[in-house]
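> Chains as they are written, first to last, in this note's numbering: chain A, 4 to 257; chain B, 4 to 257; chain C, 4 to 257; chain D, 4 to 257.
In case anyone wonders, no lab produced these hints; they're calculated from the structure. Here a beta-carbon is modelled for each residue, glycine too, at the ideal position from N, C-alpha and C. It is possible that part of the hints are untrue.
To be verified - For each label pair, taking beta carbons as the anchor points, the in silico distance ranges come out as:
1. B:S143 / D:V221: 27 to 33 Å
2. A:T212 / B:L164: 39 to 45 Å
3. C:V165 / B:L61: 20 to 26 Å
4. D:S23 / C:G161: 45 to 51 Å
5. C:L164 / B:S52: 23 to 29 Å
6. D:V221 / B:L127: 26 to 32 Å
7. D:F160 / C:V211: 34 to 40 Å
8. B:A213 / C:R21: 54 to 60 Å
9. A:T212 / B:S143: 50 to 56 Å
10. A:R59 / C:V181: 29 to 35 Å
11. D:E184 / C:H53: 16 to 22 Å
12. C:L164 / D:N150: 33 to 39 Å
13. B:N56 / C:L164: 24 to 30 Å
Stated by the list, open to error - Footprint (simulated), chain A over chain B, 3 or more residues, beta carbon under 8 Å:
14. 143-157
15. 200-207
16. 217-231
Protein chains: 4
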Amino acid sequence: MTGSIRSAVWRQLDPRARASGLSPTNQVLACLIVLSVGLAVLETEPTLSHLTNDLRLLELGLGAVFAVEYLARLWAAPEGADGSARARLRFAFSPAGLADLTAVVSAFLPMAAPGLLLRMVRLLRLFRLAKLGRMSRAWSDIATAINDRREALALSFGLALVAILIAATALYLVEGQVQPEAFGSIPRSAWWAVATLTTIGYGDAYPVTAPGRLIGGVAALASIGLVALPAGILAAAFSDAMKRNRGSNSLPPE
Amino acid sequence: MTGSIRSAVWRQLDPRARASGLSPTNQVLACLIVLSVGLAVLETEPTLSHLTNDLRLLELGLGAVFAVEYLARLWAAPEGADGSARARLRFAFSPAGLADLTAVVSAFLPMAAPGLLLRMVRLLRLFRLAKLGRMSRAWSDIATAINDRREALALSFGLALVAILIAATALYLVEGQVQPEAFGSIPRSAWWAVATLTTIGYGDAYPVTAPGRLIGGVAALASIGLVALPAGILAAAFSDAMKRNRGSNSLPPE
Amino acid sequence: MTGSIRSAVWRQLDPRARASGLSPTNQVLACLIVLSVGLAVLETEPTLSHLTNDLRLLELGLGAVFAVEYLARLWAAPEGADGSARARLRFAFSPAGLADLTAVVSAFLPMAAPGLLLRMVRLLRLFRLAKLGRMSRAWSDIATAINDRREALALSFGLALVAILIAATALYLVEGQVQPEAFGSIPRSAWWAVATLTTIGYGDAYPVTAPGRLIGGVAALASIGLVALPAGILAAAFSDAMKRNRGSNSLPPE
Amino acid sequence: MTGSIRSAVWRQLDPRARASGLSPTNQVLACLIVLSVGLAVLETEPTLSHLTNDLRLLELGLGAVFAVEYLARLWAAPEGADGSARARLRFAFSPAGLADLTAVVSAFLPMAAPGLLLRMVRLLRLFRLAKLGRMSRAWSDIATAINDRREALALSFGLALVAILIAATALYLVEGQVQPEAFGSIPRSAWWAVATLTTIGYGDAYPVTAPGRLIGGVAALASIGLVALPAGILAAAFSDAMKRNRGSNSLPPE
Numbered sequence: 004m005t006g007s008i009r010s011a012v013w014r015q016l017d018p019r020a021r022a023s024g025l026s027p028t029n030q031v032l033a034c035l036i037v038l039s040v041g042l043a044v045l046e047t048e049p050t051l052s053h054l055t056n057d058l059r060l061l062e063l064g065l066g067a068v069f070a071v072e073y074l075a076r077l078w079a080a081p082e083g084a085d086g087s088a089r090a091r092l093r094f095a096f097s098p099a100g101l102a103d104l105t106a107v108v109s110a111f112l113p114m115a116a117p118g119l120l121l122r123m124v125r126l127l128r129l130f131r132l133a134k135l136g137r138m139s140r141a142w143s144d145i146a147t148a149i150n151d152r153r154e155a156l157a158l159s160f161g162l163a164l165v166a167i168l169i170a171a172t173a174l175y176l177v178e179g180q181v182q183p184e185a186f187g188s189i190p191r192s193a194w195w196a197v198a199t200l201t202t203i204g205y206g207d208a209y210p211v212t213a214p215g216r217l218i219g220g221v222a223a224l225a226s227i228g229l230v231a232l233p234a235g236i237l238a239a240a241f242s243d244a245m246k247r248n249r250g251s252n253s254l255p256p257e
Numbered sequence: 004m005t006g007s008i009r010s011a012v013w014r015q016l017d018p019r020a021r022a023s024g025l026s027p028t029n030q031v032l033a034c035l036i037v038l039s040v041g042l043a044v045l046e047t048e049p050t051l052s053h054l055t056n057d058l059r060l061l062e063l064g065l066g067a068v069f070a071v072e073y074l075a076r077l078w079a080a081p082e083g084a085d086g087s088a089r090a091r092l093r094f095a096f097s098p099a100g101l102a103d104l105t106a107v108v109s110a111f112l113p114m115a116a117p118g119l120l121l122r123m124v125r126l127l128r129l130f131r132l133a134k135l136g137r138m139s140r141a142w143s144d145i146a147t148a149i150n151d152r153r154e155a156l157a158l159s160f161g162l163a164l165v166a167i168l169i170a171a172t173a174l175y176l177v178e179g180q181v182q183p184e185a186f187g188s189i190p191r192s193a194w195w196a197v198a199t200l201t202t203i204g205y206g207d208a209y210p211v212t213a214p215g216r217l218i219g220g221v222a223a224l225a226s227i228g229l230v231a232l233p234a235g236i237l238a239a240a241f242s243d244a245m246k247r248n249r250g251s252n253s254l255p256p257e
Numbered sequence: 004m005t006g007s008i009r010s011a012v013w014r015q016l017d018p019r020a021r022a023s024g025l026s027p028t029n030q031v032l033a034c035l036i037v038l039s040v041g042l043a044v045l046e047t048e049p050t051l052s053h054l055t056n057d058l059r060l061l062e063l064g065l066g067a068v069f070a071v072e073y074l075a076r077l078w079a080a081p082e083g084a085d086g087s088a089r090a091r092l093r094f095a096f097s098p099a100g101l102a103d104l105t106a107v108v109s110a111f112l113p114m115a116a117p118g119l120l121l122r123m124v125r126l127l128r129l130f131r132l133a134k135l136g137r138m139s140r141a142w143s144d145i146a147t148a149i150n151d152r153r154e155a156l157a158l159s160f161g162l163a164l165v166a167i168l169i170a171a172t173a174l175y176l177v178e179g180q181v182q183p184e185a186f187g188s189i190p191r192s193a194w195w196a197v198a199t200l201t202t203i204g205y206g207d208a209y210p211v212t213a214p215g216r217l218i219g220g221v222a223a224l225a226s227i228g229l230v231a232l233p234a235g236i237l238a239a240a241f242s243d244a245m246k247r248n249r250g251s252n253s254l255p256p257e
Numbered sequence: 004m005t006g007s008i009r010s011a012v013w014r015q016l017d018p019r020a021r022a023s024g025l026s027p028t029n030q031v032l033a034c035l036i037v038l039s040v041g042l043a044v045l046e047t048e049p050t051l052s053h054l055t056n057d058l059r060l061l062e063l064g065l066g067a068v069f070a071v072e073y074l075a076r077l078w079a080a081p082e083g084a085d086g087s088a089r090a091r092l093r094f095a096f097s098p099a100g101l102a103d104l105t106a107v108v109s110a111f112l113p114m115a116a117p118g119l120l121l122r123m124v125r126l127l128r129l130f131r132l133a134k135l136g137r138m139s140r141a142w143s144d145i146a147t148a149i150n151d152r153r154e155a156l157a158l159s160f161g162l163a164l165v166a167i168l169i170a171a172t173a174l175y176l177v178e179g180q181v182q183p184e185a186f187g188s189i190p191r192s193a194w195w196a197v198a199t200l201t202t203i204g205y206g207d208a209y210p211v212t213a214p215g216r217l218i219g220g221v222a223a224l225a226s227i228g229l230v231a232l233p234a235g236i237l238a239a240a241f242s243d244a245m246k247r248n249r250g251s252n253s254l255p256p257e
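Just chain A, same shape as in the assembly:
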């Protein structure tokens, strides 16, 4: 009898118990996680400080729900494993279990105290997003695609860093004297180079002399390649990962 209740609880809580989709309980929990992160974000806004007490109450309520969820997961943990009580210990020290515990604890730590440390304690609540991770199944596609080409992606990332270093050094040599605030050293130039080569372009720093603009134009054109390179690598990797998945479903293993 207890076993069948425990089994039902486990089927509600563990996404692996379903072939696809989320159980009603997990759907509600996902919404509460997003809500609680949204509240933690809003609480930092000084113009909403008159809501602090309401947010505090809501936060305690959410903490209570997460506490019940944590205890239920701990109690039902043996269902997903070999059935022994050691499964509870394993869950308690798994990343998922620790994330669940943090989600509970961060609700009940003092939240009214000032200072940077306590601000960071309050921000622990943002880690609740990690609880969402277990609920999606598309991770494996993306992880496979990235992992298959991790060396090519790392190399294209390295090329981006080298391009940033070259562009920053060139502008430092050419405009370091003209705009010492923006280009007076390579680290300062690098801020411009990063903003340019990633095509962000804040506009707080840009070359003004003719040779500087020539170099800037070359860097701008290079930025197209820097974006296209990882996009192309990932596109081919997804295409490949998908084909292998389909192959392994319908064909005998090679």
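Take the given structure of chain A and dock chains B, C and D to it, following the hints.
Relative to the frame of chain A, chains B, C and D by itself:
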């Protein structure tokens, strides 16, 4: 006799009646739809207020054309279905029929009155663009590609939101005291984080301290991946959707 | 004898006469075209007005070279066709022939006169770039890829326009009263929407209210999709075009 | 005995001696290279000038390590070739050998002298990054993908240049009189055109008149294609390069 006229009208109005391309009537209607949306957009410009009366007249003329089109579609609707009069009711309450009706009604609602509500009533005319939707056949390719990978795309969208949250929180902690206006809370920081991670970079907010710029540079480099990820997923999905379309045309089903 | 000289001239001038690469004559001509366009660009810079006479002389020299090239192409034209003299007429009125004639004529039109019309006459020289078009063979790959998916690309372009219209209308409704200069009408808002959805982000206009920034953030995230969609379509199209090219080279036609 | 030591040294230093990964010695050297480049970058920052003496000492230490590495590579060079002493000469004059020598020499050139020339001598240390090149094996994938489509990539780069020229000329004609500082000549307009078509958008120059913004909007939309084109070409090339690699590993050559 009436039947053959109705059939000819239907063949002129319904894009499904042709293997490819648009009938002359639909080509003219597509131009009028674009023209009427353009007029509705221009009418909001205060420096063109001396044209209001001309635009009003033109709008009434366009409304009359759309009224005739709506009645013709309603009359010819049985041709596209089982031929019974119920097909007219079905068309009248279909999304396409309601879009056509809105296109007519929005032309004859009073347009000279001031106020936000009436401004929005006038903007109903922008919904005429929805009438264009039925005229293109490439929807299915794009819809298939997006639908096939909706979970991976949703996840890459979720990763973008998490990256925005992390970047915003980091800048809030590092520069919240230095630039309270731009980074004094996570929602404020999020405006900078969105502009940076989507590579827009308005330049109204940017880090100024060394640690802030270091975090900003990491966020800038991460933006390359955030753009490359959905591009790669969609590229593989289009490639796959196309291959299946070709396969289903020329090969026996697997 | 004249025939063999004419044949040698034709082989030097017509890129189709070689399996790959460019003849020495065409390599020199390509450099001169780029040089002459560069000079036409530099001539517009007021701070270089002391060089006008030198640039004028150089321009006349380049015009003489292009005149010789034009006459040689006209004379050798029958080699590339059926050998009859009518081939010269056909070349003279072909787009390539007209581009060559314009390149010559634009050098000898008066260049010192002021005024907008003559400025535009001088800019005719920029059309010399069209002469470069015939020299590349990669056009067909790109043209095939774009042509294969022209409807999907047009639709993704149409979706971009609709997204711009929606974003512009939303900001006009939300911030039209707050920032009338930037968002006081849909055409004005559209300038911001274009800069945002293409991820350019000049920073001359951006929302400042909370609801405006919320809409701006959604538009910013949508911009990732607007860039990823055509990139994905083109990636699949290139992949497909390449496979068919390889297939038609090494396999019997399907 | 000497031979076996030399062989062990060579196996530690030459990445080709291992099927995958880096030897411990090379891992340490890679870290030192990154560290020494980081120091050379930091040294240019005027607000860190109080650290100059410390950085100088650290630099001399790094130079000594690179000197030992250079001599060891020179001594062990015959192991990687036919075993003859001529292999040392070949290494000394290979790009890798010259890069290693530069890395040593740049540490011991006088670094305290002022002036642009000596600043550039100090920047020679940035070339140490070239030493990292030999340590990665993903180069070949990326190089193959780029090389396979070098003509299509060059053409899409050429199209970008033509688009920049057209956009710059159009804005020069339309806004040259209104904003002479930003659009008074084609080279000046080109700075705006580059920033727009690469989607950087610094915001130091942008059209302000209605026709200028219309042209700017068209250029902005064209920028999507300019980024999507090389991304699509590279995606297809990576996909193809990968398939051929896999094909040559597991299948008989076609």
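> Among all the numbered hints in the text so far, which are the ones the structure does not match?
none
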